[in-house]
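Participant: Each chain, letter by letter, is given below.
2 protein chains.
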Amino acid sequence: MGKIRLFIDHPLAAGQPVPLTDGQAHYLSSVMRQGAGNEIAVFNGRQGEWRARIAALGRKGGQVDPVAQARPQQDPPDLWLVFAPIKKARTDFIVEKAAELGAARIIPVQTDHTNAERIRQDRLQAHAVEAAEQCGGTFVPPVDDLQSLVRLLDGWDAGRRILWADEALVGAARTLAALPRGPWAVLIGPEGGWSEAERGRLRALPFVTPISLGPRILRADTAAVAALALWQSAAGDWGDAEAPQD
Amino acid sequence: MGKIRLFIDHPLAAGQPVPLTDGQAHYLSSVMRQGAGNEIAVFNGRQGEWRARIAALGRKGGQVDPVAQARPQQDPPDLWLVFAPIKKARTDFIVEKAAELGAARIIPVQTDHTNAERIRQDRLQAHAVEAAEQCGGTFVPPVDDLQSLVRLLDGWDAGRRILWADEALVGAARTLAALPRGPWAVLIGPEGGWSEAERGRLRALPFVTPISLGPRILRADTAAVAALALWQSAAGDWGDAEAPQD
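Protein chains in written order, with the numbering used here: chain C, 806 to 1051; chain X, 806 to 1051.
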């Protein structure tokens, strides 16, 4: 933490110079007061984290030289987040938190009660990148463009289970204790909740497991963070290592 | 949802008029376009949710008449959130989410690496009230003023366990499966993490259970939401009712 980490969409190899974008150069020079010779950490989402020396830095663009890999690539579990976009700030927040919590793919969907007509996919992707830079991760989840939930479910691979946050239910714990391993997606609805048509359709799908997030109505952003955390703890990579020594 | 809900810090009884604050009157008239005769929902954090008729409404103040109790009082489990304040927006967010997720008391603390010198307790309390109004809850968690973690722990009742988010650990799941019932507090550190002194002190306390929130570094606000959700699912009121019918 405190360490400067940059996501660079470019292959990383010792001694192979990597170009900086204008934005990255501005951030390093004007915001972080860095200069040629300083060392930062870079990652490209595929080859782990690398130590890299700033070789050139101007107001427009610059270049870093990867020195050596500092940490191996660590991919998150195979968990997708499928969510209905809400107000701008809270949608940004959901993407940021999903990246922090180790979602492998983020899919915004239009539901019957979704007010959002379109999203700024590029802006949401940038939030995912920034979250990965901040949280020390080496993976950046791709953010899909907005699509219809109906179409998404029509083409869904039944091998990927869906953990469906259904506000009509109560009683999450027992279900979560028994979550089978394998590919999953967490499905979070819009502020307006699910339509009866959607609820009926989702109930009928064999790979959908409804869960409750308790007796209080959660905002969509809270529900997304809570459901991702519950999944990670029950079936993800939060429980895989040694238990706490206390 | 969509229903207008107001927190009113006043006893509620059928036919006993209740005064509105200027802020509530402005919200009802100017923002929600309500007028005398309309019905809203009110709660005071102790007597459940009541249907109430707007008896008088002006730019300054007004009055509602409670008609009948619509829902009984529902208090959250005995879970406190103890957290180190961070940047303003994210601190507001933590309080909002803690209220949504059913924290019974919210205690901001100063830790060795906390940058915050003071907080606006009144503003944070207002966020907790707004969250309760929005999430359909009938309980509003009190928000304490900022205090030192050391002093808080010195006076701590050993009967209340502490679930301590220690970023140095990995492996939450096993611990959480075995959480004993009873009073708990979730303890979340600042962005800067825990000092070695704090870590040593917390490890030595018999009522402290360290947990991990996974291999990625979470922001303090994400950690607070994740830890509250995990506790609610493992030992709180998210698992008490009937299991999902799927």
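Don't read these hints as lab results, they were simulated from the structure.
Misleading hints may appear alongside valid ones.
Note that the list lumps identical chains together, so a pair holds whenever it fits in one copy or between two copies.
What the hints assert, rightly or not - Derived DSS-like pairs: lysine-lysine, alpha-carbon spacing no greater than 25 Å straight-line:
hint	residue 1	residue 2
1	LYS865	LYS892
2	LYS893	LYS865
3	LYS808	LYS865
4	LYS893	LYS808
Bear in mind that the values here come from a model prediction, so they are computed numbers and not experimental data.
Participant: Tell me the numbers of any earlier hints that the structure contravenes, in ascending order.
Facilitator: Of the numbered hints given earlier, those the structure breaks are 1, 2, listed in rising order.
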